[in-house]
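Colleague: The residues making up each chain are set out below.
There are 6 protein chains.
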Amino acid sequence: MSQLSHISAKGEAVMVDVSDKSETTRMAKAQALIKINQQTVASLVAGEHHKGDVFACARIAGIQAAKKTSDLIPLCHPLMLSKVTIDLSLDEAAGEIKVLSTVKLKGQTGVEMEALTAASVAALTIYDMCKAVQKDIVISELKLLEKHGGKSGEFIANEGDKC
Amino acid sequence: MSQLSHISAKGEAVMVDVSDKSETTRMAKAQALIKINQQTVASLVAGEHHKGDVFACARIAGIQAAKKTSDLIPLCHPLMLSKVTIDLSLDEAAGEIKVLSTVKLKGQTGVEMEALTAASVAALTIYDMCKAVQKDIVISELKLLEKHGGKSGEFIANEGDKC
Amino acid sequence: MSQLSHISAKGEAVMVDVSDKSETTRMAKAQALIKINQQTVASLVAGEHHKGDVFACARIAGIQAAKKTSDLIPLCHPLMLSKVTIDLSLDEAAGEIKVLSTVKLKGQTGVEMEALTAASVAALTIYDMCKAVQKDIVISELKLLEKHGGKSGEFIANEGDKC
Amino acid sequence: MSQLSHISAKGEAVMVDVSDKSETTRMAKAQALIKINQQTVASLVAGEHHKGDVFACARIAGIQAAKKTSDLIPLCHPLMLSKVTIDLSLDEAAGEIKVLSTVKLKGQTGVEMEALTAASVAALTIYDMCKAVQKDIVISELKLLEKHGGKSGEFIANEGDKC
Amino acid sequence: MSQLSHISAKGEAVMVDVSDKSETTRMAKAQALIKINQQTVASLVAGEHHKGDVFACARIAGIQAAKKTSDLIPLCHPLMLSKVTIDLSLDEAAGEIKVLSTVKLKGQTGVEMEALTAASVAALTIYDMCKAVQKDIVISELKLLEKHGGKSGEFIANEGDKC
Amino acid sequence: MSQLSHISAKGEAVMVDVSDKSETTRMAKAQALIKINQQTVASLVAGEHHKGDVFACARIAGIQAAKKTSDLIPLCHPLMLSKVTIDLSLDEAAGEIKVLSTVKLKGQTGVEMEALTAASVAALTIYDMCKAVQKDIVISELKLLEKHGGKSGEFIANEGDKC
Numbered sequence: 001m002s003q004l005s006h007i008s009a010k011g012e013a014v015m016v017d018v019s020d021k022s023e024t025t026r027m028a029k030a031q032a033l034i035k036i037n038q039q040t041v042a043s044l045v046a047g048e049h050h051k052g053d054v055f056a057c058a059r060i061a062g063i064q065a066a067k068k069t070s071d072l073i074p075l076c077h078p079l080m081l082s083k084v085t086i087d088l089s090l091d092e093a094a095g096e097i098k099v100l101s102t103v104k105l106k107g108q109t110g111v112e113m114e115a116l117t118a119a120s121v122a123a124l125t126i127y128d129m130c131k132a133v134q135k136d137i138v139i140s141e142l143k144l145l146e147k148h149g150g151k152s153g154e155f156i157a158n159e160g161d162k163c
Numbered sequence: 001m002s003q004l005s006h007i008s009a010k011g012e013a014v015m016v017d018v019s020d021k022s023e024t025t026r027m028a029k030a031q032a033l034i035k036i037n038q039q040t041v042a043s044l045v046a047g048e049h050h051k052g053d054v055f056a057c058a059r060i061a062g063i064q065a066a067k068k069t070s071d072l073i074p075l076c077h078p079l080m081l082s083k084v085t086i087d088l089s090l091d092e093a094a095g096e097i098k099v100l101s102t103v104k105l106k107g108q109t110g111v112e113m114e115a116l117t118a119a120s121v122a123a124l125t126i127y128d129m130c131k132a133v134q135k136d137i138v139i140s141e142l143k144l145l146e147k148h149g150g151k152s153g154e155f156i157a158n159e160g161d162k163c
Numbered sequence: 001m002s003q004l005s006h007i008s009a010k011g012e013a014v015m016v017d018v019s020d021k022s023e024t025t026r027m028a029k030a031q032a033l034i035k036i037n038q039q040t041v042a043s044l045v046a047g048e049h050h051k052g053d054v055f056a057c058a059r060i061a062g063i064q065a066a067k068k069t070s071d072l073i074p075l076c077h078p079l080m081l082s083k084v085t086i087d088l089s090l091d092e093a094a095g096e097i098k099v100l101s102t103v104k105l106k107g108q109t110g111v112e113m114e115a116l117t118a119a120s121v122a123a124l125t126i127y128d129m130c131k132a133v134q135k136d137i138v139i140s141e142l143k144l145l146e147k148h149g150g151k152s153g154e155f156i157a158n159e160g161d162k163c
Numbered sequence: 001m002s003q004l005s006h007i008s009a010k011g012e013a014v015m016v017d018v019s020d021k022s023e024t025t026r027m028a029k030a031q032a033l034i035k036i037n038q039q040t041v042a043s044l045v046a047g048e049h050h051k052g053d054v055f056a057c058a059r060i061a062g063i064q065a066a067k068k069t070s071d072l073i074p075l076c077h078p079l080m081l082s083k084v085t086i087d088l089s090l091d092e093a094a095g096e097i098k099v100l101s102t103v104k105l106k107g108q109t110g111v112e113m114e115a116l117t118a119a120s121v122a123a124l125t126i127y128d129m130c131k132a133v134q135k136d137i138v139i140s141e142l143k144l145l146e147k148h149g150g151k152s153g154e155f156i157a158n159e160g161d162k163c
Numbered sequence: 001m002s003q004l005s006h007i008s009a010k011g012e013a014v015m016v017d018v019s020d021k022s023e024t025t026r027m028a029k030a031q032a033l034i035k036i037n038q039q040t041v042a043s044l045v046a047g048e049h050h051k052g053d054v055f056a057c058a059r060i061a062g063i064q065a066a067k068k069t070s071d072l073i074p075l076c077h078p079l080m081l082s083k084v085t086i087d088l089s090l091d092e093a094a095g096e097i098k099v100l101s102t103v104k105l106k107g108q109t110g111v112e113m114e115a116l117t118a119a120s121v122a123a124l125t126i127y128d129m130c131k132a133v134q135k136d137i138v139i140s141e142l143k144l145l146e147k148h149g150g151k152s153g154e155f156i157a158n159e160g161d162k163c
Numbered sequence: 001m002s003q004l005s006h007i008s009a010k011g012e013a014v015m016v017d018v019s020d021k022s023e024t025t026r027m028a029k030a031q032a033l034i035k036i037n038q039q040t041v042a043s044l045v046a047g048e049h050h051k052g053d054v055f056a057c058a059r060i061a062g063i064q065a066a067k068k069t070s071d072l073i074p075l076c077h078p079l080m081l082s083k084v085t086i087d088l089s090l091d092e093a094a095g096e097i098k099v100l101s102t103v104k105l106k107g108q109t110g111v112e113m114e115a116l117t118a119a120s121v122a123a124l125t126i127y128d129m130c131k132a133v134q135k136d137i138v139i140s141e142l143k144l145l146e147k148h149g150g151k152s153g154e155f156i157a158n159e160g161d162k163c
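Sequence order for the protein chains is G, U, V, E, L and H.
Here the first sequence is numbered in full-length UniProt numbering, starting from 1 and rising by one per residue.
Here the second sequence is numbered in full-length UniProt numbering, starting from 1 and rising by one per residue.
Here the third sequence is numbered in full-length UniProt numbering, starting from 1 and rising by one per residue.
Here the fourth sequence is numbered in full-length UniProt numbering, starting from 1 and rising by one per residue.
Here the fifth sequence is numbered in full-length UniProt numbering, starting from 1 and rising by one per residue.
Here the sixth sequence is numbered in full-length UniProt numbering, starting from 1 and rising by one per residue.
Honestly, the hints are just simulated from the structure, not real lab data.
Misleading hints may appear alongside valid ones.
Identical chains share a label here; the pair holds if one copy fits it or two copies do between them.
Unchecked claim - For lysine-lysine, the following DSSO-like pairs were computed, each having C-alpha atoms within a straight-line distance of at most 30 Å:
id	residue 1	residue 2
1	Lys10	Lys21
2	Lys10	Lys68
3	Lys98	Lys10
4	Lys10	Lys151
5	Lys151	Lys35
6	Lys151	Lys106
7	Lys68	Lys98
8	Lys10	Lys35
9	Lys83	Lys35
10	Lys68	Lys83
11	Lys83	Lys151
12	Lys68	Lys35
13	Lys135	Lys151
14	Lys151	Lys21
In this text, all values refer to a predicted model and were calculated from it rather than measured experimentally.
Using the sequences plus the hints, can you model the full thing?
Modeller: This is the structure we're talking about:
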């Protein structure tokens, strides 16, 4: 096995053997930021209900995407996720929507990719609904915030991004 | 219909009617950037073949994700994509991998979301394979670069990011 | 071919040949009714936002299910749906939620099954969210309301259920 | 958490945390009824083999749908179903097909939605195959018949519908 | 572009551009053979109904697999198949089941892979149902029998395997 | 229950009850052979990178197919695979590519179908990439090589095909 996950000594992609890893409770949080202009902010807050359906749609898309991670990321193991939540917050002044995903599992591998996939798809769903208003939306800072459980232990991002 | 795509006058999410839109050839390019440290760069270039399989895996994941867009982004229409390519380039000095996706279609709606989804999933696939080496990888600048065809016409991002 | 759709002269299931059918604009509306008790009604209306997220979730589930019809109903053709909407209305006094789905397509086969699948899954999604409050919810009157386009022409249900 | 499943205190849809629920053997039975006219009955029984392939197709569609439940109903957890059966019976005189689904699992959440989804899709599959003969077929009485296992305990519908 | 389909001049996998190919009616037939011993033959013919449900299940699995081809074979384009049939025949004396798939499309690319995928999955489904009786079943001669339509024209296998 | 897996005493397809089977570590190996002519061999080895991307694509397609087995083969149980690898080797002189799949699981049912599905789809992916060069490629000898774990115990194919 090379240093890289999922690459064998022969340099070939594999879905690695986790049969002997112990089942522990694992959790991961990830985020994505969506940068929007003031016209898009105005469209979102015009009619509270609009933001309601846009955000509800993104939450559901993110939750469903977490469940599809092993179908999207080729070398991820299928997992029986025990919790997925998506929290969305709009900073009107900054023109920024923060997507925060939380995923839990009692199982043999971590759920970092599930949290990142959920945050990414929730962000893309908001992008999709706002793209008629603004064509140059940017999604950035898609990253892991925290990770608990498993052999490699804790990880907490050190940039004050923890929520 | 509100200003927002996919939101009806009642503020409810809908998959909008494109029955009467004309079929034109449409194209979109999108990008994502993956910020990695020098240890991860070294892992990728150690053994040319490693980068080969990592990048091959990401290309395929991106192509397959483009085809799954209407399943991931709830209000996207199912589309018969006629071309998908993923180009990956590693800037060793900068510690940056650029993912560039190109999607084409002869059809009734644009393919921006397909290009963005492909770039996003290709980037997450590389993240997945490198995460054992580096836990604080960041994906950023996920955005549309170009869009051609359809009623709303051309869009070219103005930041010199065009490839 | 027998009288039954999808059954060959040998009595075997087939996905029938529609290659030579003409492309026309087709539309179908379907409905489902969810019978709930007053406690469930109260839970739904307590906090307008609750109904918001429950109904938003059901709308999206219904829209996504319409797109999955050919994967769920084995002999349905894959179709490029051009519109899907789900309308939900709660009759508090009667203890009844009406799900109304509308699907459009420019293509070679009708979209009745897509409308029915959308209504069914939207109803099941509401059932899922209410089942902690009430265990004997019943979904009934899942049926086609209208159908337009294609060789077999118009169909309008004659029971005053048209919306 | 509100009274409604899957809705947080903030009124937002979540996939709730079942990490700490104990693994027990769970079972659910659900039903759906399909109301057909005598012409459709005649088509089904003309040639025993026809009913064979129609019913075989519906059984398989129902079994496969049970496995897709967490993809269809947004807030359902992915589950490793350990048994799914679909039983179909035609009451020729009454013009009624009864779909009975049974689902088992050793796991952390119940399988009511899996049983209901299986019954619903099996019924829609029969509808699809009969719709050329009869356009006003109605699916009704889609409901839970029994539920065993888990914290909330037993549920048996009290209307004599138990099979 | 190299001689190989789907490989660019740089040697990288791509989903090639078919935007400018003309829409023609295309058809492909493929086959698979399943070699079984006399005990398995006896199990299949004991009770005509058994063969009925085994074969019905395989037909439906093959039809559904044809529709999933672009999800399974990474560089295949999504296609709107207009016909899929699976024909199964048991040669009791030879201990051989022949699977014959036929797929049609009016579109821009051929349907060879759809026919081959359908035949393969139908054969695997029969394997699955017989594997408790016989552990050394072999699937062989999975190949294209005929192909019509498109720029590359006709192909008919020359070994007398045409049905 | 008949002798056939998945067929009830009534002769009907069921997803059998495995609730009471014990969880053991299970493993299966399967193979497929792809017969190609010397022109196709030449195309594959011309430019080592070509074979690299063709083989990388097939490995990933096989791994992803293993995870989709319960969606493809109707009566297979959903399983949490803990390892999947695809090994490919080209015998240039013989004009033969051997696909070898290995699947592991700690669970209640065997993984033979997962290994066979993975080998089959990996072989079809190579077929897809070579079909522009050669139209009469044949996939053969798709079979189980080894099986360990579970009540029915060991199976090793006796033909010297073990790798």
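Colleague: The structure should be examined with respect to each hint, and the outcome stated for every one.
Modeller: Structure-based check of all given hints:
no.	hint	verdict
1	Lys10 / Lys21	within (23 Å within a copy, 37 Å between copies)
2	Lys10 / Lys68	both (29 Å within a copy, 26 Å between copies)
3	Lys98 / Lys10	between (41 Å within a copy, 17 Å between copies)
4	Lys10 / Lys151	within (25 Å within a copy, 34 Å between copies)
5	Lys151 / Lys35	between (36 Å within a copy, 25 Å between copies)
6	Lys151 / Lys106	both (14 Å within a copy, 19 Å between copies)
7	Lys68 / Lys98	both (22 Å within a copy, 25 Å between copies)
8	Lys10 / Lys35	between (42 Å within a copy, 25 Å between copies)
9	Lys83 / Lys35	both (28 Å within a copy, 29 Å between copies)
10	Lys68 / Lys83	both (14 Å within a copy, 18 Å between copies)
11	Lys83 / Lys151	both (21 Å within a copy, 18 Å between copies)
12	Lys68 / Lys35	both (26 Å within a copy, 25 Å between copies)
13	Lys135 / Lys151	between (43 Å within a copy, 14 Å between copies)
14	Lys151 / Lys21	both (9 Å within a copy, 23 Å between copies)
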